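A.B. asks: Chain order of the listed sequences is A and B.
Each residue of the first sequence is one higher than the one before, starting from 6 at the first, in the numbering used here.
Each residue of the second sequence is one higher than the one before, starting from 16 at the first, in the numbering used here.
Treat the hints with caution; some may be incorrect.
Derived CB-CB ranges, DEER-like [claimed, not checked]:
#1 Asn59/B - Ser251/A: 18 to 28 Å
#2 Gly244/A - Gly34/B: 24 to 34 Å
#3 Arg85/B - Thr366/A: 42 to 52 Å
#4 Ser310/A - His43/B: 56 to 66 Å
Please keep in mind that the hints were generated in silico from the structure rather than gathered at the bench.
This one's a predicted model, so the numbers in the text were calculated from it and none came from an experiment.
Glycine included, each C-beta is placed from N, C-alpha and C at the ideal position.
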Amino acid sequence: MTPRTVMHLDMDAYFASVEQQCNPALRGKPIAVIGSGARTVVTTASYEARKSGVKTGMTVFEVQRLCPEIIFVEGNNAKYTDTCAELAGLYRRLTPLVEVFSVDEAFLDVTGSLALFDSARAIAQRIKAKIRRDFGLTCSVGIAPNKLLAKLASDLHKPDGLLEIAPGEVAAFLERLPVSKLCGIGEKLAGKLSALGIHTCGELGRTAPGLLRHRFGIIGEVLHRMGRGEDESPVVALGSEPDAKSIGHSMTFSRDISQQDILEAYLLQLAEMVGRRVRNSGFLGRTVSLTIRYADFTTFTRQHSLRDPVQGSLEIYRAAKQILRSIRLQQAIRLLGVSLSKLSRHAGQMPLFPKEQRWQTITRAMDRINNKHGDFAITWGSLLNRYHHRGVISPAWRPEGVHKTAFPNK
Amino acid sequence: MVVYLNEPIQVGAVFKKSGVVPRWFLYHGKKIRIHEVTYSWKENIGQALYHHFSVSDGMNLYDLMFQPERLYWRLAAIEDAAP
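Turn these sequences into a full structure, and let the hints steer you where they fit.
C.D. replies: What follows is the structure in structure tokens.
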């Protein structure tokens, strides 16, 4: 098998760097990008802020205590998602195998492009120069024989780094590297491995697969291969991703809510957001899930499977409402989420009765209007006072397909 | 602080091979010269595409919005450059 050359590109402090590029007065200063809600947290901190210990997920209060000179900037998701789409376009001029891993990360399989350029390093330098010139941003690049090692390489040299792990250097590179540096091995798993006397990737790679399988089950084998720097997962090109397993939306409220009528109005809004994406993607789904997060952050999900697959917002709403009504709420609610899963592309049963046919006609007309003029241009009367939130960029967001969602600015 | 306006404005711009570069705009009868286009991005609202330009006059930051299909400009927002 021909060895692959995979590149991982990671934009440095992405949202914060975009904001510093937009506003010259922010450059070189500690800034934190936050959401628009009253109970927002930091989504990205600039490198200047990170020096003071500011991290993603901290509250405004925590950040102010650590770094009194911090400047908070309200994020603008349309800026970040459009830049991501532009970057994907730039990468695709160099190789067709581009996998957008998240809004600020991408994998490129450049094996087939090497004949056109001097080397993978030359491709990486070209990309870095173009991103700096066109966007004023920096990125860190890792080059390696697979995705696992390419991501590791980019993580090890940040910001503005470029690190290549050649196939012949893998074993020496991993020998003394802590297992926690590998993508997929978090603090908890690293602790369990440590209890077995496994601290480095070298030690992990030398541990018998049977022992790891016995201790960790099916992932034991995977861990053994990770320790040896082996990963055969392909770079899945944009547009070739497997079909979505579920489509969902959630919203965190600016204050905790316990009133049933208000919660049900938000359920309708979420059902409409889910329904529109489901219909626009040509899916139907059978299982409606409702996620609830209480004020104390206790989070749980309840599901309801329908007899027939649906795509109408009202059907999704009714199922979600039935779940909500079946739960005896223990506390006020901080976050509500609705999703539809068991997706299929079957056309389903055509409506036979006049009432259902009318609903289908109304839904199609509403979708056409909203597709043309924007979400909620026409909507249910009970949603006139709907919850206005800009949302967050989900890890599943992609610049194309069913996972592309819009983020209107105000 | 960002102030959201969404007001129609007149803009002087150069349409280059590489894209549109706004040079000045009229706001409340005052001509504001653009020192720097600091960033640009696109946004879809329904089928309508909007090009945003974050521009600086050296004092403030402005978010200019251009709608290429109907050829109009709007001043989307103003922000004090110095936080």
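A.B. asks: Give a verdict on every hint.
C.D. replies: Structure-based check of each hint:
The supplied range of 18 to 28 Å is met by asparagine 59/B and serine 251/A, whose beta-carbon atoms lie about 24 Å from each other. Distance hint for glycine 244/A and glycine 34/B: a CB-CB separation of about 26 Å, consistent with the stated range 24 to 34 Å. The hint said 42 to 52 Å for the Cβ distance between arginine 85/B and threonine 366/A, and at roughly 30 Å that hint is violated. Separated by about 59 Å at the C-beta atoms, serine 310/A and histidine 43/B satisfy the suggested range of 56 to 66 Å.
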